[in-house]
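Asks: Next come the chains, spelled out residue by residue.
Number of protein chains: 2
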Amino acid sequence: MNIGIIGLGLIGGSIGLGLRKSNFGDKFIGTDSNKENALHAIKLGIVDEIIPLQDLIMQSSVIVLSIPVDGIEKILTNILNEIRMDTVILDTGSTKYDICNRISSHPKRSRFVATHPIAGIENSGPISANSGLFYKKQCIICDSELSAPDAISVAIKIYSIMNMRMIYMTSKEHDLYIAYISHLPHVVSFSLASTVLKKFKNKDNIFNNMMGSGLDSTTRLAKSKPETWLPIFISNRKNMIQAIDFYIHHLNKFRNHLIDKKFNKINQYIKKANEIKDKKICVN
Amino acid sequence: MNIGIIGLGLIGGSIGLGLRKSNFGDKFIGTDSNKENALHAIKLGIVDEIIPLQDLIMQSSVIVLSIPVDGIEKILTNILNEIRMDTVILDTGSTKYDICNRISSHPKRSRFVATHPIAGIENSGPISANSGLFYKKQCIICDSELSAPDAISVAIKIYSIMNMRMIYMTSKEHDLYIAYISHLPHVVSFSLASTVLKKFKNKDNIFNNMMGSGLDSTTRLAKSKPETWLPIFISNRKNMIQAIDFYIHHLNKFRNHLIDKKFNKINQYIKKANEIKDKKICVN
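So the protein lines, in turn, are chains A and B. Position 230, counted from 1, in the first sequence is what the working numbering calls 230; the numbers after and before it change by one each time, with no gaps. Heads up: take any position in the second sequence, counting from 1, add 1000, and you land on the working numbering.
The reader is advised that the hints may include incorrect statements.
Within a straight-line C-alpha distance of at most 20 angstroms, the following computed EDC-like cross-link-like pairs (lysine to aspartate or glutamate) qualify [to be verified]: (1) K1225(B) to D70(A); (2) K261(A) to D1070(B); (3) K1261(B) to D70(A); (4) K201(A) to D1278(B); (5) K198(A) to D1245(B); (6) K1271(B) to E227(A); (7) K225(A) to D1026(B); (8) K1201(B) to D245(A); (9) K272(A) to D1216(B); (10) K21(A) to E49(A).
Interface residues of chain A toward chain B, partial, derived using beta-carbon atoms under 10 angstroms [unchecked claim]: (11) F24; (12) I140; (13) I181; (14) L197; (15) M211; (16) G212; (17) W229; (18) I241.
If you are wondering where the hints come from, they were derived from the structure by calculation, not from laboratory data. Only a predicted model underlies this, so the values are computations on that prediction, with no experimental measurement involved. Every residue gets a Cβ at the ideal spot worked out from N, C-alpha and C, and that includes glycine.
Build the full structure now, drawing on both the sequences and the hints.
Replies: Okay, structure coming up:
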């Protein structure tokens, strides 16, 4: 059985490495629009062979689509047009509604499984890939009733090999919730980085000297690349605007308490925020 | 030579443990308004003995004042009133201007050294203390020209033992810059935690299931306790309001680009934020 991976970056690369540790799949074939990534993927043992997209589609029993979400939206219909009726295709995009919506009436819709393994880090490319990236993390499967049972089984098998736990929801729910859990933290982090970089423009020395570990963790996500994140923000635009507005509302509450010297309110605000401690956090 | 530590929490405790690894100081004495902290400090070997504040002040050659900044402002004048002319006292507070201002005309001002070792983590108390907390991090010494040369030497000696690098600036500069580097990231994190906790109220299951490592790092600081942070926000209120407003301005830029579908502008925004990669980060 051939496994075809389209997009050999962090996610596609880690799936390749993870699956190759098991006995799932005989041959791994891949493609990437970035030649350097493709070369690295061969060197790192992510895939056995780099072949053109068209050939990959014809030769694979399972296709993993791990490219930015705008790319997924663009090529998924074409891939569905061309696959055999027993091929399974799954994507790993961070938004799901637009992707599912685009192919909702395709005659081969049931061969597709919409998945989101929640495991991104700020680094990218096949050199950041590792077989343990998904260990004990969550994988969301969306609109599962629209996929064929055998296709769902293959997706579950793949993610289970990598020790992921499966969660099910609609693509609409996914995009709303993930806007708060993952996409908003990225905007928060990009904006904080922009703020301090602007404030310390031409003050490199002071900035480097004072940088503490607090700013480090809050700006970790600000290192994430636009090629991945701009398409996510575009695809999840409405939910993002809602999430950002809700966040600015909370920030303004804090700000106004500070302006009005309502220090008791700030005390309550911090105590409330501290409850994040009690929440279960995925183990890296 | 007796070293007296007032406040045996994370910072005071780590200084105790760090100094005791060297041959600096003969006996370590401590005091803490929290009896449990005091007991832990003895058990953990942070100090040899817990004694009343008055006795500590009289018996110490060096006093380290590691309590919340409102506490420092409250008791520093009294301590200066009572110390011998050769005692050195240093504080570790996260704001410096109000503290320095409060004692600016004290006849024993020169015995005091205003310091800020930048090494806080979200955990607190003596059980989180460790001798390596300050390793290769920065310590800011403020208004050093107002301290006696021998007092400055003692402070440098203490922080050098723990492998810190010294930086010098005025207390006014310190409070402005630290508002952006440390205090703003805390507000950002408290507000993000508040936002997601509110959004997922009564949706614990979804929240726990979806929580990824992105939200984890951006809300790490939201676990910091109000006893430490409320006094910091009060003391650095004006700079904080400026920093929060500057941050909201940057957030709104992003939001408006998203509303206006100026995706090219968002691309530039992310690329600009990515420059945080090139900045030197303190190693934990």
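Asks: All hints, please: hold or fail.
Replies: How the hints compare with the structure:
Between K1225(B) and D70(A) the CA atoms are separated by roughly 42 angstroms; this puts the pair beyond 20 angstroms, and the hint is violated. With a C-alpha separation of about 15 angstroms, the suggested pair K261(A) and D1070(B) falls inside the 20 angstroms cut-off, and the hint holds. As the CA atoms of K1261(B) and D70(A) are separated by approximately 15 angstroms, the hinted pair is consistent with the 20 angstroms bound. Taking the CA atoms of K201(A) and D1278(B), the gap is near 13 angstroms; set against the 20 angstroms cutoff, the hint holds.
Simply put, K198(A) and D1245(B) have alpha-carbon atoms about 13 angstroms apart, close enough for the 20 angstroms limit, and the pair holds. At roughly 10 angstroms between alpha-carbon atoms, K1271(B) and E227(A) fall within 20 angstroms of each other, so this suggested pair holds. Our distance criterion of 20 angstroms between C-alpha atoms is broken by K225(A) and D1026(B), whose separation comes to about 53 angstroms. For the given pair, K1201(B) sits about 18 angstroms from D245(A) by alpha-carbon distance, which is consistent with the 20 angstroms threshold.
About 17 angstroms separates the Cα atoms of K272(A) and D1216(B), which keeps this hinted pair within 20 angstroms; it holds. Simply put, K21(A) and E49(A) have alpha-carbon atoms about 17 angstroms apart, close enough for the 20 angstroms limit, and the pair holds. Interface restraint check: F24(A) against chain B, minimum CB-CB distance 25 angstroms, threshold 10 angstroms, status violated. Interface restraint check: I140(A) against chain B, minimum CB-CB distance 7 angstroms, threshold 10 angstroms, status holds.
Hint on I181(A) holds. Least Cβ distance to chain B is approximately 5 angstroms, under the 10 angstroms limit. Contact between L197(A) and chain B, as hinted, is supported at the beta carbon level, the nearest pair being about 6 angstroms apart and thus within 10 angstroms. Checking M211(A) against chain B by beta carbon gives a least distance of about 6 angstroms; that is within 10 angstroms, so the hint holds. At about 4 angstroms, the closest approach between the beta carbon of G212(A) and any beta carbon in chain B falls short of 10 angstroms, and the interface hint on this residue holds.
With a least beta-carbon distance of about 6 angstroms to chain B, the hint placing W229(A) at the interface is held under the 10 angstroms criterion. The restraint placing I241(A) at the interface with chain B holds, with a minimum CB-CB distance near 6 angstroms, inside the 10 angstroms limit.
Against the hints set out earlier in the document, violations occur for numbers 1, 7 and 11.
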